[in-house]
Amino acid sequence: MLKCSLDKIQNLFAEISKSAKLYLPVDGKDGGASYGEWSEGVEWSGALNTTKSPKDFFFPQTEDLMAFKTAGKSIEIIDTRSESEDFVVFGVRACDAKSFDILDRVFLSEPQDSFYAMKRKHGIIVTAACTKPSETCFCQTFGIDPASPAGDISTWKTADALYLQANTEKGTALLEKLGAILEECSDDAVNAQKEKTAAIMQKLPLKDLNTDDFGGGKTQELFNNPAWDELSQSCLGCGTCTFVCPTCQCYDIKDFNTGNGVIRYRCWDSCMYSEFTRMAHGNNRLTQKERFRQRFMHKLVYYPENNDGLFSCVGCGRCLAKCPISMNIVKVMKKIGGNKGE
Amino acid sequence: MENNQYLREEIIRMSGVNPTKCMKCGKCSGTCPAYDEMEYHPHQFVSMVDNGEIEPLLNSTSIYKCLSCFACIERCPRGVEPAKVVEAVRLIAIRRQGANRMTANDIPAMVDEDTPQQLLVSAFRKYTK
Amino acid sequence: MQVNEYKPLIVAFCCNWCSYAGADLAGNNRLAYPADVKIIRVPCSCRVNPMFILRAFQRGADGVIICGCHPGDCHYTSGNYYTRRRMAALFSMLDFLGIERERTRVEWVSAAEGAKFAATMNDFAQKVAALGENKRLEDLRCKK
Amino acid sequence: MQKITREQLIEKASELLANGTVSCVLGWGAGEFGYDVTPTVFKTAEEMKTGFVFSDFCGANFSKYLVAKTQKTEGKILVFLKPCDTYSFNQLLTEHRFDREKVYAVGIPCEGMADISKIKAICGEGISSITAEGDTFIVTTLYDDEPIAIEASAVLAERCVNCKSKKHVAYDELMGEDGDVLDSGRFDEVARLEAMTPDERFAFWQNELSRCIRCNACRDACPACTCEKCVFDNPKSGVENKSPANSFEEKLFHIIRAFHVAGRCTDCGECSRVCPQNIPLHLLNRKFIKDINEFYGDYQAGAEVGSRAPLVNYTTADLEPGEVFNREG
Amino acid sequence: MQRVGVFVCWCGSNIAGTVDVQAVSEALKNEPGVVFSTNYQYMCSQAGQDMIKNAVKEHRLTGIVVCSCSPRMHEATFRKTAAAAGINPYMVEIANIREQCSWVHKDMLTGTEKAIILGKAAVAKVNLNTPLIPGESPVTKRALVIGGGIAGIQTALDIADAGFPVDIVEKQPTIGGKMAQLDKTFPTLDCAACILTPKMVDVAQNENIRIFSYSEVTEVKGFVGNFDVTIKKKARFVNEDICTGCGACVEKCPMKKVPNEFNLGMDNRHAIYIPFAQAVPKVATIDPNACNMLKNGKCGLCARVCAAGAIDYKQKDQFIEEKYGAIVVATGFNPISMEKFDEYAYSQSKDVITSLEFERLTNAAGPSAGKLIRPSDGKHPHTIVFVQCVGSRCESCAEKGKEYCSKICCMYTAKHAMLTRDKYPDTEVYVFYIDVRTPGKNFDEFYRRAVEEYGVKYVKGMVGKIVPEGDKLKVQASDLIANRQLHIDADLVVLAAAIEPDKSARPLATMLTASMDTNDFFTEAHPKLRPVESPTAGVFLSGACQGPKDIPETVSQAGAAAAKVIGLLAKDKLMGNPCVAQSDELMCNGCSTCANVCPYGAISYEDKEFRMPDRTTKIRRVAAVNPAVCQGCGACTVACPSGAMDLKGFANSQIMAEVDAICK
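Residue numbers (my numbering), protein chains in the order written: chain A, 1 to 342; chain B, 1001 to 1129; chain C, 2001 to 2144; chain D, 3001 to 3329; chain E, 4001 to 4664.
It is possible that some hints are incorrect.
Here are the computed lysine-lysine pairs in the DSSO-like style, where the Cα-Cα straight-line distance is at most 27 Å [as the list claims (entries may be wrong)]:
#, chain 1, residue 1, chain 2, residue 2
1, E, 4407, D, 3236
2, E, 4407, E, 4199
3, E, 4457, A, 73
4, E, 4465, E, 4441
5, A, 207, D, 3012
6, A, 289, E, 4608
7, A, 177, A, 18
8, A, 335, D, 3049
9, A, 335, D, 3236
10, E, 4080, E, 4029
11, E, 4350, D, 3236
12, B, 1065, E, 4199
13, E, 4350, E, 4472
14, A, 194, A, 218
15, E, 4080, B, 1024
16, D, 3118, A, 331
17, D, 3072, E, 4618
The hints are simulated quantities; they were obtained by calculation from the structure and are not laboratory data.
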């Protein structure tokens, strides 16, 4: 275990940013935190988490795929890909760190998504353990320990120091570069913090939420549950839950006509949108109930069915906090699963 | 001429009256109770100011004969407000004079049972800078 | 490219009955105005959707001007009155977002006002040129 | 602190359900944490007793739900309307968006609703309970044993701080006393921005709108946005997009959205309430309202049913678009 | 994808002088959809047109772009060419490279560049054009005239003479209007009754004309050629078909003290009454506010004396629905109220009267049997003062007067003054005027005669105030020419009150979706070129409802309106402009925003059943544009937030394509 005294943390950031662009949560004027690039004087936010998840670094909301240039009646195809530079995403929470496992299974399985793969190759994830999980947190439902986050490097922040531990080769390589700022230390302080966090975890209102009623093979049982009507009736059909979700991975590919050619790009899509997966014959899910059901069935049934029981939710609680009408996966799990969580 | 132009603008500014709105119907003079006292009549004030013939007005006693009863303002179908023009011309005249033609000290001597108080107030306003 | 060579691209929406005819009259009288003014004919100024204006800026226009019949002269009796309200509100909003107010204009040009049309376009082009390129409402994708 | 209680509302609803006036109730459903309420349809008094909630967090404007719910429901729907909701209610009626006969509207007084993000800004995350005591909220967290007391007035939602009216403009029945239209400072922030230089304004909005993730929550929550299909969802419209691909797209969406509701927006503030990125979208709408009031005389959308919105109206003496800027000092 | 042909015109050297036409046609060849591009000296010539026709055949063109002069010049020409070549005329777009390019730019390079861009914009648009076919609608061959004054009478007679059926709706119990109340008419001084009543009889006897008297229009639906109108026939409690107009009931009626509106309240009538001797239809009407039988069921005298048995106390308002192809508005005018003119003491003295009251006082059928008397004491007046422009040209106080000139007062005042002096040479007659306006045939001569031959004293100036004192009226006025104030002791004062549109006009305009000005006069479609048409197709204007008018003018406008109506009714079908708005029902949410801005009332709403995605059906209110009424301005397309409303020929996508092409 290595540590860096908190008064030297800006030096640590400076050192990291020498070899790679460093992104970390920063406080916005509006009170929310979001990832920003570090430069001198930029402070690491003390917020529990960012509004938008760090999936944006690997699977950006909008991403150009290729371009076509037209001249007269000829069309030229332009490959707009280029080698990405190394970058570090710092301060990722355990739940979001877990989300990359979920995204990887989608984008890195064959055929691999080269855009995503490129960024995964060059991105180093430095996680930060939670000490004050919120009432909306339910990562433990999915077996995640917020006090022991994964990532290339895990960190723990205490009152006076930041403790670091590399988990992967990439992580080790980065820590080696940081040299003198870090010093070897015991893991006593970290263990103490873990215990404290574990105690808080026992107080969380959603601590007993479990996935017993969900998982692969439950389609028949859950699909026609009458509760979907009731649950979906208040859904506005906006994409907030999808866009703040660290595991939602649907996108649409669109062409933008620039006047001189076309830029083909992809952008996040939401299964809550009426135009989602619109095909020549029209849409396959015609009502908000069907769209609503799809989102949760996917996270809780279809995805685990195809991915060895792994749920496509990490319990980060963003959708609980951000849904305009407070309808969310927890309410769905409790109602559909008959799981009252108590 | 230039001076007249200046005075015209000044009177228009002070009175807030647009003399070009006048359609020369003469209703102001038709309703004026002080008509026979005046050398220049309300409609002439409007038309003469519009034409820049202001000196004759300034030199006439008509500006002091206007009772400021506002009948002309009330009756004018075009909203021209001749009394305000008269008032503005009078103000110009007063400003040109060296001293006030009436001071507060003069008033006690004028007070008697027959003179309405309002007349004194009005006179004081008219004859004072 | 030298600065003084910069020529603004201006889109002019002209109503068919007055302003388009006014532009034709400017042509008949050979009254010159910059070639960077491109006219789009619409039946009435009230046909101009704010989306068209933003679209023009997106695609690289530096100024957008809407010309219609004088208030009270609309071929459709009241179309330009709606234009007047809509554009007053829209332009004020663009200004609120910090977009230069000189880039947008509404001008009433009758079919008899060829000279006014040319003068308006000259004046507008000059004012827009003074602002330089439209940076605040451009879409860089369209510059590629 | 609300003057009317959950129990009073349940009692009223039970009475109306029992005597057959209404067949169901559109109300606030309890959530997990006390502050997260979900619009819910209750069919029986029993359902209400377990699931209905009325608290200082019931800010959501339900008017828009009536568009879909009145189509699907047999009989009348009971809806509780706070004063500001009644404006949206009227505006929807003006636009023929639902059948008035299918709604039984009960006006309820509102003392202003709390903004949970303001509470969290003071207490931090991990709220385990919020109890209202008089004009104070007592907040306990998962970490500290010491409860925190907050003045309710300090955590009022923005739209309630600048409440425009405590008067109900539509109802079948009123509970409690009706209030008055208020003289609010709701345009102060707009005026502050107007006083900035264009460069400052541009920077301000560039920063605000750059956070937009185009989740459409502002639109989908908006009671004025009830188009069958929004132009931004319609591939045929030429402006359809699913992402804020760049700063132009961000501006396009928000300018056009504000323009489309200009003169129809009642200033209910839902857009800003629901924005996950806390973009002050209501300022765009208020700019239009402020302009309309100044250019064409005061107009409050929804104040009455059937009024003609200013942008679909005119007088021959309206000011010219060019005069808009000259009139500013 | 279209197959577009591009035809670049040289226009001799008009275009080719500043635009490299060859370069333009070459450049446009590469545009999407373009399969053929050429240039020629005069595209509009027969040879040029043939070139287009041949190219259409040879290259199977579906769209045509002509780069030439303004579309205002030759769009119609090339549309005809396209039609002759067998493609839809609306598949033609013109790029204006003459008026808006070659003529305003001097430099060949600039001109050519711009011409190419304008050409590209036209190509971009034509690629999105769709064939448009003008709509057709049938015409109901019947006209409705609202208002039975001289304007309505003349219009109805002229339309009926052309062989079309006409209905007149008149809210009073008789037709005749204001003219029936007049005594003599200027400038020829024929008696109004002598020239009007024969026309009224003509109306009554014309087989093509139906009169709905004592009736009002309550609802108008439909559009040009196809109006559906509901007419309320108010209960007159007398069976019109049976009543012979003998007047026995009137004689016996005990309720004798009802102010007679025909004589402007200067005498009384009975509760059952016939407004005047020559009324058409000449039937009695019971005033329900005065009749004892109707009020409290006591009396019934008239029913007993009516030999025909026409009295029917149980009669109810009747609603008649009828279809019309054209509607003529002839609602006329009224003098404004004098109540607010305190300075003229109208409310204080009976001897201050309006000009219309003066007409009744001098009319042989009037309250004084034509003898000029003072209403207060019945004495003969010696000094009479006429005041002109009372409430006319009055800008300062909108509640009191009107800003406009009422136009007819100068002439009728001259008439009154002249007639007074003629009949009573012992009188002294003053006329106070601001201007005397006499533009009209023989008008100024008439006025001069009043002065020169009859000795009427015209005074340039206005009356400032009138104070009743004893049996005199103290008139204080200015004489601007003499620069003095006049004080006249008058016996009678006559006020030339301004006239205003009838109060019924405003609600009628709303029903007709016809526009009005701020004074409530109907607006004409064009102030010079279409003076008798309303902007709303199928609605025509006759008489003073459009603006102040005298009788000769009213009658000529009435005839003009009739001609327009006849022109419309003579058609079997109406062809529309195909560039009209169209609503996409699937996207429309029925909010009515579009209908609010439509100047023509072309948008209506219907409840339509839609099949929903979840297999249920839903009834939604959606907009429907009537293509026969829509003129294609496009105001609705911008008002519609969802873009459900689009304009054919100028669609959102087409205009955006033009923008894109210009800005790239």
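Results for each hint:
1. Using a Cα cut-off of 27 Å, the hinted pair residue 4407/E and residue 3236/D is violated, with the two alpha carbons roughly 56 Å apart.
2. Proximity of residue 4407/E to residue 4199/E is assessed by CA-CA distance (about 25 Å); at most 27 Å being required, the pair is judged to hold.
3. Simply put, residue 4457/E and residue 73/A have alpha-carbon atoms about 88 Å apart, too far for the 27 Å limit, and the pair is violated.
4. With a C-alpha separation of about 34 Å, the suggested pairing of residue 4465/E with residue 4441/E is violated against the 27 Å cut-off.
5. Straight-line distance between C-alpha atoms of residue 207/A and residue 3012/D comes to about 37 Å, which puts the hinted pair past the 27 Å bound.
6. Proposed proximity of residue 289/A and residue 4608/E is supported: the alpha carbons are some 24 Å apart, at most 27 Å.
7. Distance hint between residue 177/A and residue 18/A is fulfilled; the C-alpha atoms sit about 10 Å from each other, no more than 27 Å.
8. With a CA separation close to 18 Å, the supplied pair residue 335/A and residue 3049/D stays within the 27 Å bound.
9. Restraint check: the Cα-Cα separation between residue 335/A and residue 3236/D comes to about 39 Å, which exceeds 27 Å; the hinted pair is violated.
10. Among the hinted pairs, residue 4080/E with residue 4029/E is consistent with the structure: their alpha-carbon atoms are about 24 Å apart, no more than 27 Å.
11. About 73 Å separates the Cα atoms of residue 4350/E and residue 3236/D, which puts this hinted pair outside 27 Å; it is violated.
12. Only pairs whose Cα atoms come within 27 Å are accepted, and residue 1065/B paired with residue 4199/E is rejected, the gap being roughly 60 Å.
13. At roughly 11 Å between alpha-carbon atoms, residue 4350/E and residue 4472/E fall within 27 Å of each other, so this suggested pair holds.
14. Proximity of residue 194/A to residue 218/A is assessed by CA-CA distance (about 35 Å); at most 27 Å being required, the pair is judged violated.
15. Restraint check: the Cα-Cα separation between residue 4080/E and residue 1024/B comes to about 59 Å, which exceeds 27 Å; the hinted pair is violated.
16. In summary, the hint linking residue 3118/D to residue 331/A is supported, as the alpha carbons are separated by about 24 Å, within the 27 Å threshold.
17. Taken as a hint, the residue 3072/D and residue 4618/E pair is honoured in the structure, with Cα atoms around 9 Å apart against an allowance of 27 Å.
Of the numbered hints given earlier, the model fails hints 1, 3, 4, 5, 9, 11, 12, 14, 15; all others are met.
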